[in-house]
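Taken in order, these protein sequences are the chains called A and B.
All residue numbers for the first sequence refer to the working numbering, where the first residue is 184 and numbers rise by one.
All residue numbers for the second sequence refer to the working numbering, where the first residue is 34 and numbers rise by one.
For the record, the hints were derived by calculation from the structure and aren't laboratory data.
Here are the simulated BS3-like pairs of lysine-lysine, each with C-alpha atoms no more than 30 Å apart in a straight line: (1) A:192 / B:400; (2) B:397 / A:258; (3) B:291 / A:235; (4) B:306 / B:291; (5) B:400 / A:258; (6) B:344 / B:397; (7) B:399 / A:198; (8) B:543 / B:700.
Only part of the chain A face toward chain B is listed, based on derived beta-carbon distances under 8 Å: (9) 184; (10) 187; (11) 193; (12) 207; (13) 211; (14) 214; (15) 264; (16) 266; (17) 269; (18) 271; (19) 273; (20) 275.
Short derived list, chain B residues pointing at chain A, Cβ under 8 Å: (21) 286; (22) 295; (23) 296; (24) 299; (25) 314.
Ideal Cβ placement from N, Cα and C applies to all residues, glycine included.
If you want the building blocks of each chain, they are given just below.
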Amino acid sequence: MAEVEETFKRIQAHKGVIGVIVVNSEGIPIRSTLDNSTTVQYAGLISQLAAKARSTVRDIDPGNDLTFLRIRSKKHEIMVAPENEYLLIVIQNPDAV
Amino acid sequence: MADRKAELERKKLKLEQMRKEREEKNRQRKVKEGGEEKKVAPTSSGQSQDLRAQTDELLSSLGIPPASGNDSQAVVQPVKETVGPNEGAPATSAVTTQQASRRKAKLTVTKVGETNIPPRENVTYSKETQTIVVDTTEKEGKVWFSFIAAGTPSIGASSRLSSPRHSNSSPHHGSPRFTHHDMEWEDEFEFYDEDEDTDSIDVHPAPTHHKMPHVENVHPTLTQEDIQKQEEKPSAPATKDSPVTMVKKVIELSEEEKKQIMMTEEFQTFFNKTTRVVERALDEEIDIFVDYAGGESEDMESDLRAGERLKLQRNFFDERWSKHRTVTSLDWSKQHPELLVASYNANEDSPNDPDGVTLIWNSKFKKTTPEYVFHCQSPVMSSCFAEFHPNLVVGGTYSGQIVLWDNRVNKRTPIQRTPLSAAAHTHPVYCINVVGTQNAHNLISVSTDGKMCSWSLDMLSQPQDSMELQHKQSKAVAVTCFSFLSGDVNNFVVGSEDCTVYTACRHGGKTGISEAFEGHMGPITGIDCHNVPGQIDFSPYFLTSSFDWTLKLWSIKDQKFLHSFEDNSDYVYDVQWSPIHPALFASVDGDGRLDLWNLNNETEVPTASVVAEGGVALNHCRWHGSGSSIAVGDDVGRIHIYDVAENTANPKMDEWSRFVRTLQELKQQAVEREEESSLGSVSMTSPLR
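Can you make the complete structure from the sequences, with help from the hints?
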């Protein structure tokens with residue numbers, strides 16, 4: 184448990200990282216470093232998008248599966264890593280180098 | 034019996050007659066329009082004609098025209114009387130004669146309509162299944178009970194109540210099989226139903242089912258939470274479809290639940306994997322949007338540094354795990370050349386942390402955290418990748434235990450340990466190595482009490498083989514470092530604390546220590562055998578480093594060293610040949626210096642040298658498998674990766690032959706030195722001339 188906390192803090196402390204969210208398969212946030220409303224917003228939207236992305240990949244090739252999703256926008260980069268039943272979302276500002 | 038037959042015949046004939054009459058009639062009807070009466074069939078039999086004539090007479094006397102009645106009579110007659118075979122014809126003639134007159138009574142032969150009444154279905158009441166069969170079309174006999182199933186979503190103290198039981202026909206009598214249908218009861222119910230139907234104007238099917246008062250189970254108390262959830266549950270699937278209204282879906286988990294989820298195995302696995310991937314992604318500085326047309330690129334700096342032979346590429350340092358710890362060993366992986374395992378000493382500043390830490394670093398990505406973190410209770414003195422098992426990392430500790438970590442498991446502690454017994458090691462294990470081939474390999478470990486054990490990686494509970502390294506009858510050798518000869522799994526050289534180098538053998542005729550090489554004046558810290566493949570084999574040569582500030586080059590075949598490198602001004606901690614260049618080796622010392630020696634260029638001074646920043650002492654050095662970079666570990670837990678310039682690192686074609694010449698020169702020098710020293714010693718004893 185402490186390792187999980189430690190890792191969380193480490194990622195959060197990474198340069199440019201704005202927030203880290205862990206979401207379960209239903210889109211319910213488990214852990215977050217952002218405030219509640221933002222968390223809920225991100226959780227809902229991103230989990231939907233990830234689900235859509237996954238279904239797209241699988242529709243094209245049923246043997247394939249989504250491993251990583253990166254959304255680059257003008258201001259941020261959102262990295263989504265799905266695994267098992269959960270989703271790790273990290274929002275980073277890549278210009279802050 | 035004969036009578037019967039006759040009767041049967043009669044009946045057959047009668048049927049034939051009837052058929053023929055019918056046919057005649059049809060024909061006649063068709064012909065009627067023409068008004069032709071073509072056929073005049075022969076008359077019927079005498080008897081029937083007589084009777085007809087009689088009746089005709091009778092009727093005519095009465096004033097009624099002779100009419101149709103004859104047809105039926107004609108039909109009837111043959112039944113009563115025996116008729117001859119020629120009846121068929123007379124019958125038809127009778128028909129024709131009557132056809133014209135007869136208008137009124139038309140007797141037609143009708144087809145017998147068959148109606149099929151399906152057998153009554155016996156509905157049985159069976160106790161096994163009590164499914165809800167809501168059948169509004171059928172007339173329900175009776176419904177005894179009906180519960181409203183109050184189903185609330187999962188969380189909450191709800192219980193699925195028993196489903197409504199509809200019986201199709203008969204009531205339940207408690208008996209499992211009620212197959213009989215007492216007609217009486219059925220009648221009763223039908224009666225009832227009829228009443229029902231006539232009375233009720235209501236079209237609603239539901240009320241018709243309930244004969245008994247409407248019974249409803251009391252709902253379990255719905256708390257605010259539950260109601261919320263109920264509301265949201267139906268709304269949730271809806272919102273998944275509609276992107277606009279998703280804000281509604283706020284299903285909160287309590288802190289407890291979140292903690293619980295985080296405790297699960299699944300979560301841990303997920304977290305391990307994804308954070309690793311995300312950290313790599315976070316660190317990449319590849320800017321795909323870089324615009325070369327807009328601004329000028331500032332990449333001029335990289336050219337300047339090209340000239341340097343040794344340049345620092347990066348550091349590996351972890352605040353949490355490697356701070357204040359000395360790097361005790363380094364090893365590059367052969368399966369994944371970018372992975373480096375580093376073992377660390379104890380951290381005096383934080384006694385609560387585990388004493389022994391082993392980290393696996395990844396030099397391919399820019400992330401600054403280790404790939405894997407392993408620890409154990411005793412300081413790890415040496416570590417290596419298990420060559421033929423890509424997932425295993427072996428460590429030798431200060432306590433003499435050998436530990437095995439597996440990076441497939443989520444645990445950070447070792448999955449296997451050797452026992453702390455006299456059968457295994459009881460002294461610090463500084464030397465550990467996997468030798469052999471894919472199918473036949475062993476883990477060899479040597480501790481500072483001279484004990485050498487060979488293990489199988491599958492079973493660390495007991496060494497496969499153990500041996501005491503002793504020199505000249507029970508003088509145990511305190512081994513600090515060892516190295517196997519190139520391509521050899523049997524012969525190896527060890528350096529010890531008593532300043533001597535020994536050759537030893539695992540199997541064969543002379544197991545144990547064979548020869549001693551003296552020359553160093555201080556304990557030997559590092560030893561390495563030449564192992565560069567090439568046309569010429571330099572495997573008898575090995576290098577040693579020691580506390581006496583020197584490095585020495587030896588050959589197995591000679592008791593005396595070939596050359597001594599005396600450029601250092603502090604303890605030299607480690608030395609290693611380059612894996613690709615036959616005449617190149619690296620050494621590190623207590624001043625923080627990393628030296629690259631190229632014997633073909635210069636044997637007195639290093640070809641390239643760099644001092645690690647921070648005023649640290651470098652404890653260990655390891656060439657990367659490609660020979661183009663070196664990892665050095667220092668005493669504050671930092672690992673420096675230096676890139677070696679290409680022209681220095683890569684051997685040219687003639688390096689091997691040049692090295693042969695170099696060695697020859699060195700040998701000559703050695704011989705001369707010997708002579709001088711022997712002469713010197715002779716001259717010492719003799720009086721001055």
